[in-house]
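K.L.:
Those sequence lines, one after another, are chains A and B. Just so it is clear: in the first sequence, position 91 is 91 by the working numbering, and no numbers are missing. Just so it is clear: in the second sequence, position 106 is 106 by the working numbering, and no numbers are missing.
Keep in mind that the hints were calculated from the coordinates and are not lab data. In this text, a Cβ means the ideal position worked out from N, Cα and C, and glycines have one as well. Hints are supplied without guarantee of correctness; some may be wrong.
[Stated by the list, open to error] Beta-carbon label-pair distances, calculated as ranges:
1) B:ARG90 - A:SER153: 39 to 45 Å
2) B:ARG218 - A:SER153: 22 to 28 Å
3) B:ARG218 - A:HIS61: 53 to 59 Å
4) A:ARG127 - B:TYR382: 21 to 27 Å
5) B:GLY138 - A:ASP155: 38 to 44 Å
6) B:TYR382 - A:SER151: 53 to 59 Å
7) A:ASP155 - B:GLY144: 52 to 58 Å
8) B:ARG218 - A:ASP258: 52 to 58 Å
9) A:SER153 - B:MET52: 54 to 60 Å
10) A:HIS61 - B:ALA49: 40 to 46 Å
11) B:ILE232 - A:PRO103: 15 to 21 Å
Each chain, letter by letter, is given below.
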Amino acid sequence: MILSRVAERIYWMARYIERAENTARIIMVNSNLLLDLPKGIAPGWEPIITITGSSDLFSEHYAEVDERSVAKFLISDKLNPGSILNSLLSARENLRTTRAIVPRGTWEVLNDLHYYAEENKSKILSRKGRYEYLTHIIRSCQLIAGNISGSMSHDQTYEFVRLGRSLERADMTTRVLEVRAGNLLPKLADEFKPFDDIQWKSILESLAAYQMYRRHVHVRVKGSAVMSYLLQDKQFPRSIAHCVNEVENCLRSLPDSDDALRTLGHLQRLVFEADEKDMGRKMLNKFMSKLQVTLGQVHDQLSLAYYQTDRIKEELVETKESSKDRKEFAA
Amino acid sequence: MRIKWKDYEANDLFDELIGTTSRPRKAARSVCKYLSSLRENELQDISHAAEMAMHVMGITFTVYSEGTGIDRTWPFDIIPRVISAREWARTEEGLIQRVKALNCFIDDIYHEQNIIKDEIFPEEVLADSVNFRKECVGIDPPLGIWAHICGSDLVRDKDGTLYVLEDNLRVPSGVSYMLENRMVMKRVFPELFEDYSIQPVDDYPTRLFDMLASMSPRPADYPTIVVLTPGIYNSAYFEHSYLAQQMGVELVEGSDLMVSEDDCVYMRTIEGLERIDVIYRRVDDLFLDPEVFEPESTLGIPGIMRAWSKGNVAIANAPGAGVADDKVVYAFVPKMIEYYLGEKAIIPNVQTYLCMYKDECDYVLNNLDKLVVKPANESGGYGMLIGPNSTKKEREQFADLIKKKPRNYVAQPTLSLSTAPTLCDGKLEPRHLDLRPFILSGESSYVTRGGLTRVALKKGSLVVNSSQGGGSKDTWIVE
Chain A
1 MILSRVAERI YWMARYIERA ENTARIIMVN SNLLLDLPKG IAPGWEPIIT
51 ITGSSDLFSE HYAEVDERSV AKFLISDKLN PGSILNSLLS ARENLRTTRA
101 IVPRGTWEVL NDLHYYAEEN KSKILSRKGR YEYLTHIIRS CQLIAGNISG
151 SMSHDQTYEF VRLGRSLERA DMTTRVLEVR AGNLLPKLAD EFKPFDDIQW
201 KSILESLAAY QMYRRHVHVR VKGSAVMSYL LQDKQFPRSI AHCVNEVENC
251 LRSLPDSDDA LRTLGHLQRL VFEADEKDMG RKMLNKFMSK LQVTLGQVHD
301 QLSLAYYQTD RIKEELVETK ESSKDRKEFA A
Chain B
1 MRIKWKDYEA NDLFDELIGT TSRPRKAARS VCKYLSSLRE NELQDISHAA
51 EMAMHVMGIT FTVYSEGTGI DRTWPFDIIP RVISAREWAR TEEGLIQRVK
101 ALNCFIDDIY HEQNIIKDEI FPEEVLADSV NFRKECVGID PPLGIWAHIC
151 GSDLVRDKDG TLYVLEDNLR VPSGVSYMLE NRMVMKRVFP ELFEDYSIQP
201 VDDYPTRLFD MLASMSPRPA DYPTIVVLTP GIYNSAYFEH SYLAQQMGVE
251 LVEGSDLMVS EDDCVYMRTI EGLERIDVIY RRVDDLFLDP EVFEPESTLG
301 IPGIMRAWSK GNVAIANAPG AGVADDKVVY AFVPKMIEYY LGEKAIIPNV
351 QTYLCMYKDE CDYVLNNLDK LVVKPANESG GYGMLIGPNS TKKEREQFAD
401 LIKKKPRNYV AQPTLSLSTA PTLCDGKLEP RHLDLRPFIL SGESSYVTRG
451 GLTRVALKKG SLVVNSSQGG GSKDTWIVE
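Just chain A, with the same shape it has in the complex (with noise of 0.2 Å):
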């Protein structure tokens, strides 16, 4: 049992914790892969905005897309409710109404996290204080789900942190793949560029993937392997296909799930039967765009599941109804 309420918000808040660790990581990342580019060939910080999906929001508030624009918006900056601060403090506060439901623990870890994100802002002005204090948020990310997934038990509402959590995710592989793997696909089929394998290296790392990939994909990093890799791998957590099981598995033990259940069959489909030989950058972006439309329309069929009932039991649906039955033949 568990109310709708609460399904909402710990959902919510495992989306934001979530948000927060994968923001800091693309960051860290990009970071890292300036220093090892020459000027020249460096995408710079513009995809990385573009890939958080806030643009236009950027461009009002900052006049240069630099490394301390960027990353002062993405990681401090109020005005953007991706922030990593505010991500923080949404998760906080979805999980300071659900307090009673998750383990003690969680909440000391966030509680404790979203003091030291606001303390030490001005860490992040500095190469090195960023990197340290990036290091942290993801750290204490891992270590709020390692909690909850060793100390809450693996009941209904623990099944709203998996979903949650892997709908973020699948999202943000999505997004990191049509942005950053659509600069780097060849505009023809046999060009090579220089640094390009350390840049689907970096891709890798965006989503923590490269040591895995490099143990379970036996071929030197390259576009088409690493597509499919973050594509259909079934194994590793980031990947869009085992993300997509996910929430399959979290469904299939909620009641109501069938609407959401035949959405997700849909997407199923998209991702394995796509052929990332056939995809050229343009046809990248409209597939990535197809994938999140899909993975929107499963978030809304949940609201409409669980966040917003008013449904009432089936014992008392039948009392209603045969009373209305007997009221209409009075009449």
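Since the structure of chain A is provided, determine the placement of chain B on it from the hints.
P.N.:
Just chain B now, kept in the frame of chain A:
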């Protein structure tokens, strides 16, 4: 510098830890010895550790302004207040006796009103009561109990006698701080707990759960119990959430619940509606049911009074229980104890002058500079006049207020509240305090071991309320 109890000046007040000869009282001997064994700065370090622990544990109340929450921790003093088990046993008896009589009174008021017919309790007090709910007349809550959770404030005067200062019967709060304070103390003073037998407090949530479960209208093994909160903007939200967590029940807001056509209360879950048996509500009467009370209230549940009056759901405290939470009614509690129980009150009341009676009113008006004047229905220490600390202008204002609505004011002599050593800027100084134990009434009664000690952190201040510069201490009942 190490603590030398000889240098601690309790003046001529009653100090909870240090006796008149500057020697620790018997019950406090070990703790005082331990404290004076600490090295320089060690106390300050422990105090800092306690503060950090509270911060991380999120033991806060939140002040919201312009959409952002500011978390404040309630100041906590690490020096415990110690009470001997023997004294506490007697106090416990007195509290149970008192709450029993109060419950008889409330039940009587909503039924026969014998206490009025027998001219023990004046009818006009009831007529002017803002907490009397005519909607509750004739209703029989389970076990005839209305005030299931009561927080009575105790103070000790110069002569060492404990008095009841007031009874909080509406939605008394503070018990979570009592529990958390103990947890923090165990973290920062583990050594003390090893060789001292301090009675544990942490069975409160279990007792609360059992009491609530005993009220269930459906005889089932697992009644569905919820804690109803006004929401995150309420300053006691932390406590609501904490208690729900400790009892393992749902924390709900009004919008999570609904009353169906069968006049039962349901909560909205991901699987549809689930019936509720018992509601521990932390929402004031007037916001409970927009169909009956405040029509604009969004905190309540339309129809819940209907469900309650039909006995389909139990509510703690029962709507209307606040009728006894009134400083005029308070003055009659010793008489109630005699009337309903045929016993003498074990814990005395503070002498109270009722301005509704002409002779007492005259006395109050002539002695405003010596008395504490309180409005009958405020809580949180607001709207009071503390005579000895007041200006002439303030006294004139109060005289006018009293003359306009004498029923609304009571006055009491200014008590010399007892003190206890409190860490102030690295030094121990006496600060005034009170004590709020919590009394549960169901099939049986239960009193917390000790309660929440609130301390006025400002030198000389007698106001302990959290909203007005008060802090808290852990309370130890020791063998």
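K.L.:
Next, verify each hint and record whether it holds.
P.N.:
Hint check:
no. : hint                            : result
1   : B:ARG90 - A:SER153: 39 to 45 Å  : holds, 44 Å
2   : B:ARG218 - A:SER153: 22 to 28 Å : holds, 25 Å
3   : B:ARG218 - A:HIS61: 53 to 59 Å  : holds, 58 Å
4   : A:ARG127 - B:TYR382: 21 to 27 Å : violated, 53 Å
5   : B:GLY138 - A:ASP155: 38 to 44 Å : holds, 43 Å
6   : B:TYR382 - A:SER151: 53 to 59 Å : violated, 42 Å
7   : A:ASP155 - B:GLY144: 52 to 58 Å : violated, 38 Å
8   : B:ARG218 - A:ASP258: 52 to 58 Å : violated, 32 Å
9   : A:SER153 - B:MET52: 54 to 60 Å  : violated, 30 Å
10  : A:HIS61 - B:ALA49: 40 to 46 Å   : holds, 41 Å
11  : B:ILE232 - A:PRO103: 15 to 21 Å : holds, 20 Å
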